[in-house]
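Visitor: These protein sequence lines are chains H and G, in that order.
Oh and the first sequence: position 1 is 1 in our numbering, straight run, nothing missing.
Oh and the second sequence: position 314 is 314 in our numbering, straight run, nothing missing.
Keep in mind that a hint or two might mislead.
Identical chains share a label here; the pair holds if one copy fits it or two copies do between them.
[What the hints assert, rightly or not] Calculated cross-link-like contacts (lysine-lysine; reagent style DSSO-like; alpha-carbon spacing at most 27 Å):
#: 1; residue 1: K158; residue 2: K272
#: 2; residue 1: K237; residue 2: K269
#: 3; residue 1: K158; residue 2: K283
#: 4; residue 1: K163; residue 2: K283
#: 5; residue 1: K100; residue 2: K347
#: 6; residue 1: K396; residue 2: K295
#: 7; residue 1: K391; residue 2: K158
#: 8; residue 1: K185; residue 2: K433
#: 9; residue 1: K295; residue 2: K391
#: 10; residue 1: K295; residue 2: K380
#: 11; residue 1: K203; residue 2: K433
No lab work stands behind these hints, which were simulated from the structure alone.
2 protein chains.
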Amino acid sequence: MAARERLTAISKHLDHRPLATPRSPIGNSPPNNPPFPSTRSLYTENKPKMSTQPEHPTLLIPGPIEFDDAVLQSMSHYSESHVGPAFVATFGETLSMLRKLFQTTDTASQPFVLSGSGTLGWDLVAANLAEPGDDVLVLHTGYFADSFAACFETYGAKPTQLKAPIGSRPQLPEIEKALGEKKYKILTVTHVDTSTGVLSELKALSELVHRVSPETLLIVDGVCSVGSENIEFDNWKLDGVITASQKGIGCPAGLSISMYSGRAMDVFKSRKTPPGSYFASMKNWLPIMQNYEAKKPSYFATPSPQLIHALNTSLTQILSRPLSDRFAAHQEASQKIKKAIADLGLKQLATDPADQANGMTAIYLPEGVKAPELLPNLFKKGVVFAGGLHKEIAAKYIRFGHMGVSVTDPKRNDIDKAIKALETGLSDVGYQKA
Amino acid sequence: MAARERLTAISKHLDHRPLATPRSPIGNSPPNNPPFPSTRSLYTENKPKMSTQPEHPTLLIPGPIEFDDAVLQSMSHYSESHVGPAFVATFGETLSMLRKLFQTTDTASQPFVLSGSGTLGWDLVAANLAEPGDDVLVLHTGYFADSFAACFETYGAKPTQLKAPIGSRPQLPEIEKALGEKKYKILTVTHVDTSTGVLSELKALSELVHRVSPETLLIVDGVCSVGSENIEFDNWKLDGVITASQKGIGCPAGLSISMYSGRAMDVFKSRKTPPGSYFASMKNWLPIMQNYEAKKPSYFATPSPQLIHALNTSLTQILSRPLSDRFAAHQEASQKIKKAIADLGLKQLATDPADQANGMTAIYLPEGVKAPELLPNLFKKGVVFAGGLHKEIAAKYIRFGHMGVSVTDPKRNDIDKAIKALETGLSDVGYQKA
Numbered sequence: 001m002a003a004r005e006r007l008t009a010i011s012k013h014l015d016h017r018p019l020a021t022p023r024s025p026i027g028n029s030p031p032n033n034p035p036f037p038s039t040r041s042l043y044t045e046n047k048p049k050m051s052t053q054p055e056h057p058t059l060l061i062p063g064p065i066e067f068d069d070a071v072l073q074s075m076s077h078y079s080e081s082h083v084g085p086a087f088v089a090t091f092g093e094t095l096s097m098l099r100k101l102f103q104t105t106d107t108a109s110q111p112f113v114l115s116g117s118g119t120l121g122w123d124l125v126a127a128n129l130a131e132p133g134d135d136v137l138v139l140h141t142g143y144f145a146d147s148f149a150a151c152f153e154t155y156g157a158k159p160t161q162l163k164a165p166i167g168s169r170p171q172l173p174e175i176e177k178a179l180g181e182k183k184y185k186i187l188t189v190t191h192v193d194t195s196t197g198v199l200s201e202l203k204a205l206s207e208l209v210h211r212v213s214p215e216t217l218l219i220v221d222g223v224c225s226v227g228s229e230n231i232e233f234d235n236w237k238l239d240g241v242i243t244a245s246q247k248g249i250g251c252p253a254g255l256s257i258s259m260y261s262g263r264a265m266d267v268f269k270s271r272k273t274p275p276g277s278y279f280a281s282m283k284n285w286l287p288i289m290q291n292y293e294a295k296k297p298s299y300f301a302t303p304s305p306q307l308i309h310a311l312n313t314s315l316t317q318i319l320s321r322p323l324s325d326r327f328a329a330h331q332e333a334s335q336k337i338k339k340a341i342a343d344l345g346l347k348q349l350a351t352d353p354a355d356q357a358n359g360m361t362a363i364y365l366p367e368g369v370k371a372p373e374l375l376p377n378l379f380k381k382g383v384v385f386a387g388g389l390h391k392e393i394a395a396k397y398i399r400f401g402h403m404g405v406s407v408t409d410p411k412r413n414d415i416d417k418a419i420k421a422l423e424t425g426l427s428d429v430g431y432q433k434a
Numbered sequence: 001m002a003a004r005e006r007l008t009a010i011s012k013h014l015d016h017r018p019l020a021t022p023r024s025p026i027g028n029s030p031p032n033n034p035p036f037p038s039t040r041s042l043y044t045e046n047k048p049k050m051s052t053q054p055e056h057p058t059l060l061i062p063g064p065i066e067f068d069d070a071v072l073q074s075m076s077h078y079s080e081s082h083v084g085p086a087f088v089a090t091f092g093e094t095l096s097m098l099r100k101l102f103q104t105t106d107t108a109s110q111p112f113v114l115s116g117s118g119t120l121g122w123d124l125v126a127a128n129l130a131e132p133g134d135d136v137l138v139l140h141t142g143y144f145a146d147s148f149a150a151c152f153e154t155y156g157a158k159p160t161q162l163k164a165p166i167g168s169r170p171q172l173p174e175i176e177k178a179l180g181e182k183k184y185k186i187l188t189v190t191h192v193d194t195s196t197g198v199l200s201e202l203k204a205l206s207e208l209v210h211r212v213s214p215e216t217l218l219i220v221d222g223v224c225s226v227g228s229e230n231i232e233f234d235n236w237k238l239d240g241v242i243t244a245s246q247k248g249i250g251c252p253a254g255l256s257i258s259m260y261s262g263r264a265m266d267v268f269k270s271r272k273t274p275p276g277s278y279f280a281s282m283k284n285w286l287p288i289m290q291n292y293e294a295k296k297p298s299y300f301a302t303p304s305p306q307l308i309h310a311l312n313t314s315l316t317q318i319l320s321r322p323l324s325d326r327f328a329a330h331q332e333a334s335q336k337i338k339k340a341i342a343d344l345g346l347k348q349l350a351t352d353p354a355d356q357a358n359g360m361t362a363i364y365l366p367e368g369v370k371a372p373e374l375l376p377n378l379f380k381k382g383v384v385f386a387g388g389l390h391k392e393i394a395a396k397y398i399r400f401g402h403m404g405v406s407v408t409d410p411k412r413n414d415i416d417k418a419i420k421a422l423e424t425g426l427s428d429v430g431y432q433k434a
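Can you make the complete structure from the sequences, with help from the hints?
Guide: Given below as structure tokens:
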């Protein structure tokens, strides 16, 4: 096939399917999932041409995010044996690069990359680091703490949730008090809760935990923070950070990615009971991860070579520049967005600026504006935002994700376009700043 | 970027990494993973040019397999919201197509597609259909029955293995006897054991189970058979078939795919204890799968839109022709390969022709020929075979996978090339037919 025909074939395949008719959320549906108009031409107007991707609405939800061309192309890597030397080298290199992303040089730290999703990270923690009957303190800043607690219960651990009002986070004195009341094997914190955009402070939290309950493992749910927020695994003495591929790391969904301290691995190795999960068993995966990183072929379950190639490409790009620049770029974009939102007279769920994530913003809708009106209007302008997710207030807010290439690639104009779309979109649906 | 430059960029990215130096298998490593030479030009000689994929050695292991260009291109689909109507439609359509692949029209049948691997299917079965203390009969035809049994133990079920000599399978009278000795909640059978190439007969087995132990659920491990062997889910009254994306279905690895009968789902729904896994909990996933198939957005954990697009493309291709043609093509290629192997004076692990898989062949090496000599020789000829996996005899055999486009795409010459490579390769390493 000639080059031109091939590209036509690709474009044809990647072409838009007919967009669907309005749907009502039901059951476990995320609320406020609006009907999208099927108009295509409208959103291409103010969009700079991407290189190898066909034109499409800019995805600015808190994950999955927009992907770099080279990352997406890596997804089409030709088939390789999962135990052949070429792929083993790629996987091993990827695991080693994760150490840099998490800022850990302690050789006892252990990375894991499994086929799955961010959720699988909870199973890794709950089925391997907790044992039945263990007490776990779950700091609650939104939807995802409830789920992490449910995961612990599945494997027989006893989670206690410390909740904060929506838009806030549990404060250090309360946490100190809770840690004094019971001996907790594990404390979990959601670094950025995707449902609220609330950012938790890890350094001071870790100092507190190490001071008042030094045996407690500090586990971070970094699904919506790794790659967009600074995480100093060694310096902050973290015991585990779980994440996924499709948010700040900028790789398509399909991978559970995590890092554990030597201390956490020792807790795992000294379990009295076998791990509670088979697919998420560190007993099954630890030798595999160690072998891959030592560039030795190894098999427990078949990894996805294409996703690992994409992750490798994404990490190579991320690590080609200082991480501090990356986090500064996210902070800068976030400040710009938060200022624009304040200028529009809108409020965020996260009230205290210190509690506001740098990779996403959860925005209360103004009185009278409904997400099923606003979101399709934004879509027409070529911008995809997400509806609310926190069950108590889902209909009252929208979410704007600003991670990865949308903030780090100077060739894109994603953030300015989204701010502009939000301004005119709100006006279109009748909102006027008071 | 112009079309030509874009393709150059893609090719460059997909280019070969330097192939690694010899490695010894250790720990959990699959034995006989040979050192591969780093010579590139050698394997391109007798290979017809593929369309959009760069030249690469033809992967003929029992999964992952070679992929069709359009399937691989779907992996690079631009980013979409996992709850947006376009992707929800694609996922829903994919689930519906799976019903056709499994030949089930019973609306009570339930498909699941999760991010993970074939192994995750064992967790789905063991954590949802078995309860702690339940007896399970595991028919053993190789490596994978041991692992499935270990998975059941993880979730508290009590597996009993019924083993056959290597290269054979448990016979119906033995199975009938075993079913008479205990009340088994579940019987599992590996349709094709990837470690031995032994094919199990499902129809007669199902008739036996329904006759002598009608309450026992019949669960098929079809990881190495779905897409390459005929499976009539409804006609054969199966209760569950688990599989993965990267073998007969011809989609890159990263998905756990399975189908359960209404009867199996009723057993799940009448559990006395909660499911033993969180990530593999049908309680968490059932409403999501039902919503996606009804084209309603739904969220438990983020699926991989790119992998789902690739699966959609692959299923669309498979279902565009009669399934019977597909299975006949696999049978025909398999017969050709098995005849060539016999002509070479070689023996298969599976002794009885009725027990030989149609999508792979496990071949005993002749006396004096070692896999670490033969496999790199084949690699130089552009063909990748796998070493042995069954722990008792791993060094004594090799495996040849012949599934998917390698047997169904007339433009490829994969099978003939592989047979020729095997003939000359054996000769190169000193083998002469007695």
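Visitor: Flag every earlier hint the structure violates by its number, smallest first.
Guide: 5, 8, 11
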